[in-house]
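Peer 1: This is what each chain is made of:
Number of protein chains: 6
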Amino acid sequence: MIASARRRPAHLGLLAILGFLLTPALASAQLISFPKQELTDYTAQNPFDRLPDGRPKVPDGLIERARGLSSEEVWAVLQEKGYNNQYADGFQVLHPGKTMVGRAFTVQFMPLRSDVEDVAKAKAKEHGVSRLTNQTAIDMLQPGDVLIVDLFGKKVNGTIVGDNLFFYVMKATHSGGLVVDGSIRDLDGISEIDMPAYFRAVDPTPIGNVMLTGINVPVRIGDVTVMPGDLVVGDREGIYFVPPQFVQEVLDQADETHIHDEWTKKKFDEGKYKSSEIYGSPSDPKLQQEYKEYLKRRLDEIRKQRSSR
Amino acid sequence: MIASARRRPAHLGLLAILGFLLTPALASAQLISFPKQELTDYTAQNPFDRLPDGRPKVPDGLIERARGLSSEEVWAVLQEKGYNNQYADGFQVLHPGKTMVGRAFTVQFMPLRSDVEDVAKAKAKEHGVSRLTNQTAIDMLQPGDVLIVDLFGKKVNGTIVGDNLFFYVMKATHSGGLVVDGSIRDLDGISEIDMPAYFRAVDPTPIGNVMLTGINVPVRIGDVTVMPGDLVVGDREGIYFVPPQFVQEVLDQADETHIHDEWTKKKFDEGKYKSSEIYGSPSDPKLQQEYKEYLKRRLDEIRKQRSSR
Amino acid sequence: MIASARRRPAHLGLLAILGFLLTPALASAQLISFPKQELTDYTAQNPFDRLPDGRPKVPDGLIERARGLSSEEVWAVLQEKGYNNQYADGFQVLHPGKTMVGRAFTVQFMPLRSDVEDVAKAKAKEHGVSRLTNQTAIDMLQPGDVLIVDLFGKKVNGTIVGDNLFFYVMKATHSGGLVVDGSIRDLDGISEIDMPAYFRAVDPTPIGNVMLTGINVPVRIGDVTVMPGDLVVGDREGIYFVPPQFVQEVLDQADETHIHDEWTKKKFDEGKYKSSEIYGSPSDPKLQQEYKEYLKRRLDEIRKQRSSR
Amino acid sequence: MIASARRRPAHLGLLAILGFLLTPALASAQLISFPKQELTDYTAQNPFDRLPDGRPKVPDGLIERARGLSSEEVWAVLQEKGYNNQYADGFQVLHPGKTMVGRAFTVQFMPLRSDVEDVAKAKAKEHGVSRLTNQTAIDMLQPGDVLIVDLFGKKVNGTIVGDNLFFYVMKATHSGGLVVDGSIRDLDGISEIDMPAYFRAVDPTPIGNVMLTGINVPVRIGDVTVMPGDLVVGDREGIYFVPPQFVQEVLDQADETHIHDEWTKKKFDEGKYKSSEIYGSPSDPKLQQEYKEYLKRRLDEIRKQRSSR
Amino acid sequence: MIASARRRPAHLGLLAILGFLLTPALASAQLISFPKQELTDYTAQNPFDRLPDGRPKVPDGLIERARGLSSEEVWAVLQEKGYNNQYADGFQVLHPGKTMVGRAFTVQFMPLRSDVEDVAKAKAKEHGVSRLTNQTAIDMLQPGDVLIVDLFGKKVNGTIVGDNLFFYVMKATHSGGLVVDGSIRDLDGISEIDMPAYFRAVDPTPIGNVMLTGINVPVRIGDVTVMPGDLVVGDREGIYFVPPQFVQEVLDQADETHIHDEWTKKKFDEGKYKSSEIYGSPSDPKLQQEYKEYLKRRLDEIRKQRSSR
Amino acid sequence: MIASARRRPAHLGLLAILGFLLTPALASAQLISFPKQELTDYTAQNPFDRLPDGRPKVPDGLIERARGLSSEEVWAVLQEKGYNNQYADGFQVLHPGKTMVGRAFTVQFMPLRSDVEDVAKAKAKEHGVSRLTNQTAIDMLQPGDVLIVDLFGKKVNGTIVGDNLFFYVMKATHSGGLVVDGSIRDLDGISEIDMPAYFRAVDPTPIGNVMLTGINVPVRIGDVTVMPGDLVVGDREGIYFVPPQFVQEVLDQADETHIHDEWTKKKFDEGKYKSSEIYGSPSDPKLQQEYKEYLKRRLDEIRKQRSSR
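Residue numbers (the numbering used here), protein chains in the order written: chain A, 1388 to 1696; chain B, 1388 to 1696; chain C, 1388 to 1696; chain D, 1388 to 1696; chain E, 1388 to 1696; chain F, 1388 to 1696.
Be aware that a few hints might be false.
A pair holds if it fits inside one copy or across any two, identical chains being indistinguishable in the list.
[As the list claims (entries may be wrong)] Cut-off 20 Å, straight-line C-alpha distance, at most; resulting in silico cross-link-like pairs (EDC-like, lysine to aspartate or glutamate):
(1) LYS1683 / ASP1476
(2) LYS1508 / GLU1643
(3) LYS1542 / GLU1636
(4) LYS1468 / ASP1502
(5) LYS1653 / GLU1579
(6) LYS1444 / ASP1502
(7) LYS1683 / GLU1513
(8) LYS1691 / GLU1425
(9) LYS1691 / ASP1428
(10) LYS1652 / GLU1636
(11) LYS1653 / GLU1677
(12) LYS1423 / ASP1505
(13) LYS1423 / GLU1504
(14) LYS1673 / ASP1575
No wet-lab data here; the hints were simulated from the structure.
Quick caveat, the model's predicted, so the values are computed rather than measured.
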């Protein structure tokens, strides 16, 4: 879709050269600033490396393993830790059945107000950034990112991308994904592109009447405070934002849950037991023993298989 | 999903032995009691046998025939009888296009209130029932049942089953089905299991903050008073609860409707008629005659076919 | 579904003979009248021929081309013209991914009020029309029409068609389509019929408690004033009603947009550019030149291909 | 509020002279036309005189009596007649406790569409009407009218009046009233003006993005088909639109109901009876007799009192 | 309002004689039965006497004291006890500012289903109860009761009372109050009667299409399981249902809260302190001391005043 | 209400001493920081002095004059300037009819997340701030402030104040006002305190499960980006946030509007004119002249009156 292009000439050639240097520059140009140091301070429990822009970098290997996660498995660990506000739902899901996994790259918009936007633009120009739009943020996406956008539920003119930019995001993030508390356009075109996406609505209008107020700042999506670098896990039900410090434990525990489910269904399939004899845990000591052995064997298999890759 | 298992150790070995004996015991243990005699009295028009727990037993053969029903065909008979409150909709449908048919097995929950639940649990224990949870009811399901659950529209902690128990229900009811005025969890896992289900929402939390108040008692689902043993018929639109005394007539009339639809579309397909010349009934006496003969012939064929099975 | 047939005997044999002569007769019989002259006056900008009933006749060739349109492409032209009220959404879409295109045939219902309906019926009878129901309108549909129905969002008894009449509409309009600000019934049956449809709800009841108040009169669907003969374009998102005078321009501009999208994605696929270097328009003069040449070449190809058909 | 004034210069001096002659002129100028003859035909059961514009004229005396009506009393008669679609609710009520009574003067707007509006304006000009706005209709209001406006639930730019025009409507209708399926502005100012009003919302914007499509045409308000000249009765709950032919009966029956309520409460006040001994009708023959005599005496008193005015 | 009277002749003379004997009789006649023994068992923690029908009888003196309670004060005690499901809101409040206090008298309706209702009526007749309607329950109300009605949110035909029966309830309960998860009619009339009431909607239709299924059984109102005899406390915000065993503690603690609020505002009024120096508790030891003395003195005063009545 | 006090001991004695020094300290302690310099930059168009915390200080005299404003008068100027996102509605209004006017003091909360909050608290402690709660912000309020709180629409545990703190806010701001996109508690108590307030809901729970993330930062309320120091104007309809640079013009133009309304109603009161002869502007040159003179005379009177105070 080309519509918005006509009215918004853009001469951002140098942007490509600036690359990831953009973030510090933008940090002082955006209304809601969150400098790299702040980001580092507020995600101090991150056990992994960081991306050049300061975000925690959940390792690629763990991201791959996370593709097998479901919302419930994340819930189990996070509620034990007392993190009850990490789940958002109520979205339209573009490709149900295709799990979304990646690192949160956050973008925030607020309702347009010219006096404020003019200052932001002037500040951006001082730092060599000629335009402040959705593409300013989109151009900064990295492989493995999931684009998380706070457009405060806006439908009309709240469309973060159409099919062209959606295609770009897919290429840039290596099919990471998109979550927008707002809308998209070109649904017919977007439906044919193989990247997970979660949105509140669809509308034919382009984005407008808003101003870009933050890139990689803390944003609120539903009842979640999302921090840049959170591990994003989306399934048919909704989206979990996992603080990096819990990723390893979530994955390890999920292995056990998968095995437990395997065994439970196997026993149910035999047709000899009432549900409560088997699930949540076997009531009969012999069955308990059988399960323990099964769990151990399967865990060993999984680990062997994983390390052999 | 194993999450709830950890916090709720269960030693219900003897439950399996008790089998269908449970109902009478529970009848006095549950807040809303509905003894077998009451159930028999209030479903006195039932023309069929009864299950051991007292529910009317719509015969398996009729259940099979009912798989071809649509909501509209049920509506036609019930509104003639003056039964205008037997239809519920507004659900998420797990497998659109897969008709759900079976006998209503009802379960009721109410918001937790410890003073009441403590009494219920003590009464249950006196009758040898060590736990009052969703599994207490699920363990009692029979082949041909559809599990009907009143969880008063609860989403968070209103999840009657996850994928493990959904799998159990599928096995126990022989793919009967599930209707919950509440939610489910593990949608990704459940989507792969071949049993019809109707639910209001999906949530990652386990069931909680509720108490089991009745098994096979009259429950309200939307605008319907569901009686245990009702024939449940669910299609893409919604769910009909058919009192047993009307099942035969609904099915017989549906045969005629199927033939009428067949003939109507055949005539439309010829492209020679306006819709009102053919539908609802042919305006031309010759066409009326043609239809009558068609109807008779096809009814004969159907009956022959049916009896030859 | 035959249900409504039983209670509504119909003797409309002569209707088939009357054919398109019906409209003038009905014009004076319906509560909201909109005679052929008025229709012609109010659609004076129509650049095409007219149907016998006075509606603008967007040519079949353009309707075919319009199958490639998306909501956004229509939006682009119409907003430039200052037409901001031509889009309606919030419907259930029967066959997502199947574009709906055709000429608007409008029908209006209002809540039943016997004193008014009795007069309308008497007037109709004077003009030889024996019945005023949904089928009165449906019998007038032509190939290429999309049936647009104002049933003011009614769900119960707001069902414009079941599967039999839906089948008829499909045959009569050559799979044109249906838009109803109201409901349908027999969703299971309708799902198997290959015609696009947009509706607010599904219900097992037949149409009732309403009166037919206008055929091919201006109607409101959502925030749109629909005029008979508008080009209707429906995709996964919603429905555009295009005044005939803009159809050619919408289609021509869509050709350019398709090429622009093609080129944009091709460049993104190369992985060498930031999104803002390419989209909305290339920032680098060399790329601009490349795009211009690509556009010219592809436009030529498309036109050649089109004229060779 | 003057805001809209600046942008819309108006030179409608002659309009005042034209007076009620306007309706016939406008009838051909408006999109939805409903000439005086049609209005007369469709309200043929009206037992009263007619206003110069053709609307039934429920006599002033009956309007005065109707001030004592409640929604329930209207309901009782209309449901007996089979008129189940004459009640609308869901409005914000400006002055709860102040009953609204008067003759329906209807106005219809539809979403703006320039090609249509330009034709309407040209037609209006031919008939000497220089402007088609909300004020075109408002200037035609008569004493005893209630202004009924279909603005299809529009909030932003759906404001039929602000405080200045509300004041004018109050003067012109002698405090008749306003019902708008849309919004108003200047609520602070309007709250101080003593005329009943029912509206869906309040907004600071002036009316816009709509076109006037009909004056004194049949309109839909909620689930009601309102005919010009209907008796409008609004209380705290909602609004009844009474066809003129039922006004006398509604009022006569209300007299009996008032007396019945008087007597019922008197008996309850004595504290000697269970509710079912007295209400709906006394169970004891002696009480029945007492009530009959009370009814007769009070009816006589009321009639005497009424005729003596 | 007399409307329903005409269609429902009633000969319930003997009902008045039966008096409170009704409950046991009805217990076996109603679909959802909850015999006196069950009620006693499930409210075993009740520290007070019981009413003849078995409900806990919170003493009149405590009910009087409870008039000074607010929702927050009840919340404070109940959440400490782990009772988080005792509050319901989302009602229209008839007389904001007038606190509602009394003992819960519960009534349950379910959607009508003739086969079930016929049995219930026959059972009732066997026990000498000739009718099963809303008045059957209303006739059993006692001074100090608040009528709690589960009409499952029904608006049309979900009207538990009009102004006549509302007046009766006011007299019978000594202005106790009404809570209906459903609607009322005759709002204009009801507004003039001095009894607190909470309802979901208002409608002109009488109650219908439902069957009475329980009197003084456990009912669900919003997210609360209400037990007969609960202390009901309603303010501007919503309604608390207090189990009898917590009433004394709620009241005692409320005394302290009132004094605390008194003192806090007095200190704020002096204008010398930041909010956090005073509230929740004084930060300065001297202020703490001052508060302690104030609390003691005022508690003494209140108790003296109370005992002197 | 004391409930929250018990669980949150507070020793903030020194806070009172710190006074307005708090802001810079907190600026670095809060998740969303907005240092004084940023605030100054982004409100550079402010024509007035500034408060010690950097907010624009609309003069007290203009605030007083603003008490006569209505939403529509603000709308008129702001839409001319192209500021279309300065209005928020959909609130419950505590004291309808009492205009709210003052300077925006903004506070932002986000869903609780311990890893983030722990860092914020540690940073706060470093700066001598021992607690980060709603009271931290409330203690900083100045006379003339309106407290604007972003609690993202939270109802349960989204209660910014109960009656004690509401009383404090009233004292500290000299009855400035409160706007919360969230809830309040103790509505009964708050209703008796004479300060305007706008809130989404009421709930008995105290604030919880959130973290304080910003004081005097840009916040979003509905569709408005609110900047600290905006002039807040609330009436019965909703709330306008006026950038300081437009305050003078809004007030001057409102004077003219008041006079225009005065004159318009006076003319309507004479009963000689159609609405369009007078409103928006007089059509007759003589009337125009009359109005001009009236306007001039009244403006003079108003100014004289104002300067004489």
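Peer 1: Hint by hint, say whether it matches the structure.
Peer 2: Consistency of the hints with the structure:
1. Taking the closest pair of Cα atoms, LYS1683 and ASP1476 never come within 20 Å of each other, the shortest separation being 35 Å inside a single copy and 46 Å across copies.
2. In the homo-oligomer, the alpha carbons of LYS1508 and GLU1643 never lie at most 20 Å apart, since the shortest distance is 52 Å inside one protomer and 32 Å across protomers.
3. In this assembly of identical chains, LYS1542 and GLU1636 lie within 20 Å of each other by CA distance neither inside one copy nor across copies; the values are 37 Å within and 27 Å between.
4. Only between protomers do LYS1468 and ASP1502 lie at most 20 Å apart by alpha-carbon distance; the minimum there is 11 Å, versus 43 Å within a single protomer.
5. When the C-alpha separation of LYS1653 and GLU1579 is checked against a cutoff of 20 Å, the pair qualifies only between copies, where the shortest distance is 15 Å, while the shortest distance within a copy is 37 Å.
6. Taking the closest pair of Cα atoms, LYS1444 and ASP1502 come within 20 Å of each other only across two copies (17 Å); inside a single copy the shortest separation is 37 Å, beyond that limit.
7. For a Cα distance limit of 20 Å, the shortest separation of LYS1683 from GLU1513 qualifies neither inside one copy, at 61 Å, nor across copies, at 39 Å.
8. Proximity of LYS1691 and GLU1425 under a CA criterion of 20 Å is satisfied in neither setting, with 40 Å inside one chain copy and 55 Å between copies.
9. When the C-alpha separation of LYS1691 and ASP1428 is checked against a cutoff of 20 Å, the pair qualifies neither within a copy, at 37 Å, nor between copies, at 58 Å.
10. In this assembly of identical chains, LYS1652 and GLU1636 lie within 20 Å of each other by CA distance neither inside one copy nor across copies; the values are 24 Å within and 40 Å between.
11. Taking the shortest Cα distances, LYS1653 and GLU1677 sit within 20 Å of each other inside one copy (12 Å), while across copies they are farther apart (57 Å).
12. In this assembly of identical chains, LYS1423 and ASP1505 lie within 20 Å of each other by CA distance solely across copies; the values are 18 Å between and 24 Å within a copy.
13. In this assembly of identical chains, the alpha carbons of LYS1423 and GLU1504 lie at most 20 Å apart only when taken from different copies (18 Å versus 23 Å within one copy).
14. With identical chains, the CA atoms of LYS1673 and ASP1575 are never at most 20 Å apart, being 55 Å at best within one copy and 31 Å at best between copies.
Consistency note: the structure conflicts with the earlier hints numbered 1, 2, 3, 7, 8, 9, 10, 14.
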